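Protein chains in written order, with the numbering used here: chain F, 124 to 340; chain C, -2 to 224.
The hints are simulated quantities; they were obtained by calculation from the structure and are not laboratory data.
Predicted, not measured: the structure shown is a model, and the values here were computed from it.
Hints may be right or wrong, so weigh each one.
To be verified - To give an idea of the interface, some chain F residues facing chain C are shown, with a C-beta separation under 8 Å as derived from the structure: (1) I141; (2) R143; (3) S145; (4) G147; (5) Y150; (6) A151; (7) N213; (8) V216; (9) N221; (10) R223; (11) V249; (12) M250; (13) E252; (14) F260; (15) G264; (16) N265.
Ideal Cβ placement from N, Cα and C applies to all residues, glycine included.
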Amino acid sequence: MQRVEQAFEVSSEHEIRIIRGSSGKHYAQIRNGAPFDIFLSADQLRPRRLVEEGFAVKSSLTTYAHGQLALWSRVDDLPLDREYLLNTDNYRVIAMANPRLAPYGQAALEVFSSLGLEALVREKLVMGENIAQAFQFAFSGNADLGLVAYSQALSPNMLGQQGSVWLVPSELHQPIKQDMVILSDSPAALEFASYMKSSAVQDILLSGGYLLPEGAP
Amino acid sequence: MLSQPDMAALLITLRLAATTTLILLLLGTPLAWWLATTRSRARSAIEAVIALPLVLPPTVLGFYLLLAFSPDGPIGATTAALSLPSMAFSFWGLVLGSAIYSLPFVVQPLQNSFASLGRMPLEVAATLGAGPLDRFISVVLPLSKMGYLTAAVLGFAHTLGEFGVVLMIGGNIPGETQVLSIAIYDHVEALEYSQAHWLAAGLLLCSFLVLLMIYSANRRFHLMKTT
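Given the sequences, and given the hints that come with them, work out the whole structure.
Spelled out as structure tokens, the structure:
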């Protein structure tokens, strides 16, 4: 998002302020009058609910990216792949996001069930409130592995940090569709929404570990 | 009303608060006594360290504990060397975090209470031939009842309300590290507002009753002293 912000502010006369937080918290804040112009959620449920409840502009509801899931460890040069994950002797603690709260957590759960690992990893699971916390657990080494967002493993803040990463094949889970919706009638919000569809942003998303939604140019 | 995981969260929270309070009363007594009686120059520094959790955001404590618990952190390396299980994501890890977090709430009332005794009662007891332990048990403890009640209630209540530290080092494991404040947060995040209300209102009422109890006990105590 930082790179999108910088790129937008170069090309536009508007400035934006990014307010980070979990999708659930922002949903509650928006419903209670938070002065946000546009909501980029990590899921589809919450923007849709805001539209149904009349807090967001229906026609602006659109999927801006597909998230990808990665298996990550801070240990260098681990041969992370499907077999590594299947052999549960390889790890004691594995971190993921809470599936009730975060779409990446839901996807992680689907990966476990596609691989038939659900029962085997139950005792090894620790859950972050969101994907950032799941990453923190793995990053600090308290969890041996983490099922995190691929974008986190590629984050610019990670440069210089080694670690091992395996991009989890997308057929192991449902697509992680991330929606955005406009909340106000500010012209800057409209401009930003259309900017999110531009090729500049799509390049940033692709190199940042996201996939583009179907039908994107 | 309360689902099974919410019930488990309630029990874990009570167990955590009770364990932490007990440990803090045991460790806090000698510490508070030393602080109340010493003339050492180190006193101010120790007092400042104990008061740190009052001013620091709990996330600071949680973050450093998480690093300390990691395999190459000081606590993680120690537990690994003793082949003990890691403290991260465990009930005893939460106890350690809560004990640090609630330390000033137990030590400060005890210290004030010990300091207000003055030296007279102890010197009288000593001239009557009471040994140090006897003096502490039969003179200091009864005279510090109010201090202990305040310390226990504040320590307990403050641990009940703990969130930031648990969030950072807990890992949200039901029946092990998922406490009430986390369960409430989860309900809000998952848009389950009615369950969130049940727990939040329950905690609010509980905290109010605990504080009401201590303030009315305090009042009665002062009335007793003045009449």
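Now for the hints, and whether the structure bears them out:
1. I141: This hint is violated: F:I141 lies away from chain C, its Cβ roughly 20 Å from the closest one there, beyond 8 Å.
2. R143: violated, 15 Å
3. S145: holds, 6 Å
4. G147: holds, 3 Å
5. Y150: Interface hint status for F:Y150: holds (7 Å vs cutoff 8 Å).
6. A151: holds, 6 Å
7. N213: Result: violated, 15 Å to nearest chain C Cβ.
8. V216: This hint holds: F:V216 lies near chain C, its Cβ roughly 7 Å from the closest one there, short of 8 Å.
9. N221: This hint holds: F:N221 lies near chain C, its Cβ roughly 6 Å from the closest one there, short of 8 Å.
10. R223: Holds: closest Cβ of chain C sits about 5 Å from F:R223, inside 8 Å.
11. V249: It holds, given that the least Cβ distance between F:V249 and chain C is near 3 Å, below 8 Å.
12. M250: F:M250 check passes; min Cβ-Cβ to chain C is 4 Å, inside 8 Å.
13. E252: F:E252 check passes; min Cβ-Cβ to chain C is 6 Å, inside 8 Å.
14. F260: holds, 7 Å
15. G264: holds, 4 Å
16. N265: holds, 4 Å
The structure shown violates the earlier hints numbered 1, 2, 7.
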